[in-house]
Every structure is written in C-alpha cells, then in structure tokens.
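Line order of the protein sequences matches chains A and B. Note that numbering that gives the first Met the number 0 has the first sequence beginning at 0, numbered continuously upward. Note that numbering that gives the first Met the number 0 has the second sequence beginning at 0, numbered continuously upward.
Please note that the accuracy of each hint is not assured.
To be verified - Some, not all, of what chain B presents toward chain A, calculated at C-beta under 8 Å:
(1) Ile107
(2) Ile108
(3) Leu193
Stated by the list, open to error - No more than 20 Å apart at the CA atoms, straight line, and that leaves these computed lysine to aspartate or glutamate pairs for EDC-like:
(4) A/Lys152 / B/Asp192
(5) B/Lys12 / A/Asp117
(6) B/Lys12 / A/Asp126
(7) B/Lys15 / A/Asp126
(8) B/Lys184 / A/Glu115
(9) B/Lys15 / A/Glu33
(10) B/Lys36 / A/Asp51
(11) B/Lys194 / A/Glu33
Stated by the list, open to error - What the simulated footprint calls covered on chain B by chain A, stretch by stretch (three residues with Cβ under 8 Å from a Cβ of chain A suffice, anywhere in the stretch; the number is not a length):
(12) 26-35
(13) 91-105
(14) 183-192
If you are wondering where the hints come from, they were derived from the structure by calculation, not from laboratory data. Just so it is clear, the structure is predicted and the values come from calculations on it, not from any experiment. The beta carbon of each residue, even a glycine, is placed where N, CA and C say it ideally should be.
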Amino acid sequence: MSLKHENQFQLYYKDYQSMVFSLCKGFVKGDTYEARDLVQEVFIRVWNALPDFKGNASPKTWIYRISVNTCLLHLRNQQTNLIQPLNENLQDISQEEENTPSDYSELYSAINQLAEMDRIIILLVLDELKYDEISAIVGIAEGALRVRIHRSKQKLNEILNNYGK
Amino acid sequence: MENSFENIQKSWKASKAKETNLLPIDNMLQLAIENQKKSKKAHVLNIIILSIVCIVISVFFVFVTPMHELLSQIGIGFMIGGLILRIIIEIFSKHKASKIKYDFNTLIITNKALDFYSWRKKIHGPVTFLIVFLYTIGIFLLNPEFTNYFGLTRVLIFDMLYIVIAIILFFVIRTGVVKELHQLKHISNINTDLKNESSKSQS
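So here's chain A without its partners, still in its complex pose (with noise of 0.2 Å):
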C-alpha cells in the first residue's frame, strides 16, 4: 500500500468513524464496546479493499456499504482474534463512560426490536440517506425499499409509543 492509500485512509477515517460509529452502535442495541469492535473490523476491511475503490460511488456510500455488510456479517463471524483492545487509558475513560446511564436506551431498544435488514435501513433512514443511496447500498429496488421503510417506521413508531405501557 502506497502513501497515497495511508492519506485516503486517515481522511476517511477522520470523516467517517462517527458516522461509522452511530451505525454500528445503533445495529448492537446501544453497545458501545461491540460498536468500537465493528468500527474497527469496517475500517479494516476499507483498508483491505481500498486499493481497488475506483470512486464510482462516493466515499460516504462505499464505506457505508462496507459498515452494513459488516454489522450484518459480524455477529456470526466473530472474527473476534482481528480486534485489538483499544489502549488503556482509552478503556478506563470508556468505563467511565459505560456507567453513565443511557438517555437512548428506549430507542435503541426499540431499534433492535426490527429484524436485523430493516434494522440497517432504519439506521440509514435515521442518518438521512436518500432512497437511492440506501437503495444502492443494500441492493433493494428503490420502490420496495419505500414501502419496506414505511412499514419499519410504523413498526419503531408502534413499538416506542407501547413503550412503558
């Protein structure tokens, strides 16, 4: 890997992590330390196949495309031996982090209740992304996804306003 690549990287890296980030943490119900581990294996894999990104999508929907393939591949990979634990210094301060409780916890709860598919939708619905970017990173024709994210907001609506009943 080139000089070039180090740079692309970094810069992706500083773009995206968060974006990345928010995506995983939403996928594993508000887990933060499942999410840093998902966050890392998709920048791995960006690493892996940055060489070969042409630019005929835009960096945001190609890294997208590659933290949705992951979160759903991930639970049953469990590729946990790629994973480095992060450093000491940023684990105690995640602890601390860990014992504050959660004002999100609800929505998260709520997001996990939809089958995991329409669970990543949702997610890139909530992030804002236009149909024809969820649909080019999913791969579902853009008319099904609409009636498909019409349902899943219905569902998460239902679910949240049952909430605590």
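Mind docking chain B on chain A? Use the hints.
Same frame as chain A, now just chain B:
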C-alpha cells in the same frame, strides 16, 4: 406517523453527538496494516503446513525408510493423495473467499457469500472427512510391514495413539463445519429476504 418519526430522528441525532473515544487515526492505520499482514500470513500458513507434512511423509517413505510391500505403497499413496487433495481444496477455497468483497451491495455480497458457504458445505465437510478417512486407511495399510520392523505391540500403541488424534481431529473439523452452517443459514435468511423484495418490486 411522519411527525413521530421526525421526533425519533431528532433523538437519534442527539444520541450521535455523545459518541467519542474511538481509536486514534494512527493506531487505526497501524491496526489495519498489521491485520492485513496477519491475514495474508494466516492464508498461506495452512497451505505451507500441509505441504511440509506432505513433503516430509513423501521423503520419509521414499528415501529414509522405503516401503517394499504393495499394501504399504497403496497406504502411502492414500495418505499423500489425501493431503494433496486437501491442499488443492484449501487453495481453491481461499481463491473463492477472496472474491467476497465487502464493498459490494448487500444483495451481491450475500449472493457471493451464499455461493461460497454452499460450496464449502458441499465440498469442504464431506471431502475433509473423506481425506481423514483415506489418511486413516493409509496408516492402517502400513501396519503389516511396520509389524516386521517394530513388532506388533509398538504398532498397536501407534495405532491407538493415531485413533485418539483422529477422534480429536474429527471433533475439531465438526465444530468448524457446524459454525459455517450457522453462518450459511444466517446469510441465506438475509439473501432470501432481499431476493423476495426484488421479486416483489419486479412483479
């Protein structure tokens, strides 16, 4: 409904503002580079180990202690043949796995992954068990000539040790196969879901 969803979207945006503490850029780059090297090494390591075993067995039985009886020679043929078959499958499997690129859309990647795991299910499991079986038969075919040099007791001890190793190997392989079947089922579910959506939109 849209209004409620807008509220959900607002909460979602607010939740995102809280995220921090990811790996620093340099560490992430280092991790990615190391991981790529490790992954490449792991890919060839298995093939190298199998090839070394194959070469050692060949050299041992051809040059160091040549076997004279036909039965023994057939046994050696089974052992080496099984290993060569295993190496070929391993190389082919790595080649097929390398075609699964994570930057394809989900429908394409699940199609490719499904194809890969279905192939593994069809070929890898039964063929791997066949290879272990061939190897075992090969070892036992060496017994008559081995008995002439080492005596029956030593050969029986050797056989028993081999059976223990073969049983352990069987369970290790089985665990891997079961894990891959779970993965196959999971990918298959996602793929079916996506294909159903595609077919609905076409009809």
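Evaluated hints:
Among the interface hints, the one on isoleucine 107 of chain B holds; its C-beta lies about 6 Å from the nearest C-beta in chain A, closer than the 8 Å criterion. Evaluation of the isoleucine 108 of chain B hint against chain A yields a held restraint, the C-beta minimum of about 5 Å falling below 8 Å. Look at leucine 193 of chain B: its Cβ gets to within about 6 Å of chain A, closer than 8 Å, so that hint holds up. A hinted pair counts as satisfied when its Cα atoms are at most 20 Å apart, and lysine 152 of chain A with aspartate 192 of chain B qualifies at roughly 18 Å.
Distance hint between lysine 12 of chain B and aspartate 117 of chain A is fulfilled; the C-alpha atoms sit about 19 Å from each other, no more than 20 Å. Between lysine 12 of chain B and aspartate 126 of chain A the CA atoms are separated by roughly 8 Å; this keeps the pair inside 20 Å, and the hint holds. Distance check on the hinted pair: lysine 15 of chain B and aspartate 126 of chain A sit about 10 Å apart at the alpha-carbon level, within 20 Å; holds. For the proposed pair lysine 184 of chain B and glutamate 115 of chain A, the alpha carbon gap of about 14 Å is at most 20 Å, so the pair holds.
Between the alpha carbons of lysine 15 of chain B and glutamate 33 of chain A the distance comes to roughly 16 Å, so the proposed pair stays at or under 20 Å and holds. Distance check on the hinted pair: lysine 36 of chain B and aspartate 51 of chain A sit about 17 Å apart at the alpha-carbon level, within 20 Å; holds. Among the hinted pairs, lysine 194 of chain B with glutamate 33 of chain A is inconsistent with the structure: their alpha-carbon atoms are about 29 Å apart, more than 20 Å. Residues of the stretch 26-35 of chain B lying with their CB closer than 8 Å to a CB of chain A number 8, which satisfies the three-residue condition for coverage.
For the stretch 91-105 of chain B, the stated coverage by chain A is satisfied: 6 residues place a CB nearer than 8 Å to a CB of that chain, which reaches the threshold of 3. For the stretch 183-192 of chain B, the proposed coverage by chain A is satisfied: 4 residues have a C-beta within less than 8 Å of a C-beta in that chain, meeting the threshold of three.
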